[in-house]
Amino acid sequence: MRLLTREALLSFRRAPLLSALSVTTIAFSLFTVGLFGLVALNLRAALRDLEERVEIVAFVLRSTPPETITLASQDIATFPEVLTVTYVTEEDALLRARRELVEFQDAYQDLQVNPLPASLEIRLREGFRDAAHAEAVAERLRGFTFVEDVRFGRDWVEQLDNLRDLAGILGLVIGGVFAAVAIVIIGVTIRLTLLQRAREIHIMRLVGATNWFIRGPFLLEGALKGFMGGILALVLAYVGYLAFRNNAAALNGLVFFGPQHMLVIVAFGILLGLFGSMISVGRHLKGLGGRIDRRAA
Amino acid sequence: MIRLSHVFKTFPNGSLALKDVSFHVPKGEFVFLTGHSGAGKSTLLRMLYAEERPTQGEVRVGGHLVHSLRTDEIPRLRRRLGIVFQDFRLLEDRTAFENIAFALEVTGARTDTIPARVTRVLTQVGLAGKSRAHPRELSGGEQQRVAIARALVNDPAILIADEPTGNLDERATRGVFQLLRDINTSGTVVVMATHDLDLVRQTTYRTIEMREGAVVFDSADEAQGEER
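Chains A and B supply the protein sequences, listed in that same order.
Start counting the first sequence at 1; every next residue gets the next number (this note's numbering).
Start counting the second sequence at 1001; every next residue gets the next number (this note's numbering).
Hints are not guaranteed to be accurate.
[What the hints assert, rightly or not] Label-pair restraints from in silico Cβ distances: (1) V181(A) <-> G1126(B): 52 to 60 Å; (2) G240(A) <-> G1038(B): 55 to 63 Å; (3) A1220(B) <-> I183(A): 50 to 58 Å; (4) P16(A) <-> T1111(B): 50 to 58 Å.
[Unchecked claim] Cβ-to-Cβ under 10 Å is the rule here; a few derived chain A residues that face chain B: (5) L3; (6) E7; (7) L10; (8) A46; (9) L50; (10) E52; (11) R151; (12) F213; (13) L285.
Just so you know, these hints were derived from the structure itself, not from any lab.
Where a beta carbon is used, it is the ideal one built from N, C-alpha and C, also for glycine.
So here's chain A without its partners, still in its complex pose (with noise of 0.2 Å):
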């Protein structure tokens, strides 16, 4: 086990130029599938926001009895989909009315009667908002004998619904191929890395040493390079994410990633140099011996 981390630490003192090109390679590669990410987060989160003010409203009948309503709205709480469901008296929406539309308030203020309708303000649990769902509650509403009409801004959900289709497939097209040029990338990094160390395989196992033995530093150091790469990625997309933030005002509302989705970058860093040593090394370990010999004799 010393003897692993002694071979796997030595690599970085023997090639420190090649050390710190896989591990910048390897944080440039998770940086950009990083910032990536972060626009995705950030992306979403707006979405979020829109998708919040989805609400749909059915106008209640005058004269329905309030606990005729009271009734139907604890019933309404219960679909699937339903998060709250608000209701508004008459005189609430006329409140709201004066409050809100100021232009309109000497108007509002003379009324004799009130011609605003009483109303249930329904708003849908996240993974609800989208057309098809608000449709299917606004369906059901209907169906009820006190709502005399249903109205949920169906094209500004439509819209809605597209910018996330389209969201989701920019982020899988763009995302999948940052990811396939990092692991190109990495790859080679790793393969020079090995070509450099060819002579020292061939050695081990000509002297003997078991394939696992061989494979141990490479491992080790793939993961290690993995784990700085991921710690540098990270660093790098914080200090991209300051700089985009102090200077865009607009863009006050940034998130960045929190603690978990550093883990999964880090973890992935791991993988990565994991996983690209393993696939070099495997093949040294399979067909080079052989070459060396042949070029010798």
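Got chain A; can you put chain B on it based on the hints?
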């Protein structure tokens, strides 16, 4: 110790590297393997340490059936062999001592026994005073001695040497050859591939000559023939 029976080797590109090679090397023997470049010497040696598998035929080395060895059994075979090359194959960034210790470490030897064992083989090859030197600070002959010391440190039953004097001047060649003879005297089988016919003629060791992948002369057969 070593027995090859009707060994053929065809490379994937179709070239025939070994043609019906059979011979037996008993305990304690020193064998020269001679022939031009490309005659199949190195392929044959590689077969002994399981770097190459025969396409057909049997290879037995020190009780191991090399032709049917599983990959995970190869290390056990190699720990009983010492292998030396023309180009020494030392690690440039490690001292003589570390190069030899490396061979012990990676085969899982007990750490506390390593210094004594390394010192013993360094003394054996006459380099006790140069244990801290890096390969580039050593002459070709000295580098080859370090490589031989590395091959010896696991107490091999068989020493395989592929052109060990190919890169050395005459004086270094004599020294290294003498070292190999001493090793053989102490009971280790030595199989040495060489171009150097002067070296071969100096001794009465058994000589196997190869041409185009086949054994065309074996001094052991000759001797048997004369006895008959």
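In ascending order, which of the hints set out earlier in this document are inconsistent with the structure? When the structure is compared with the hints, numbers 4, 8, 9, 10 and 11 turn out to be violated.
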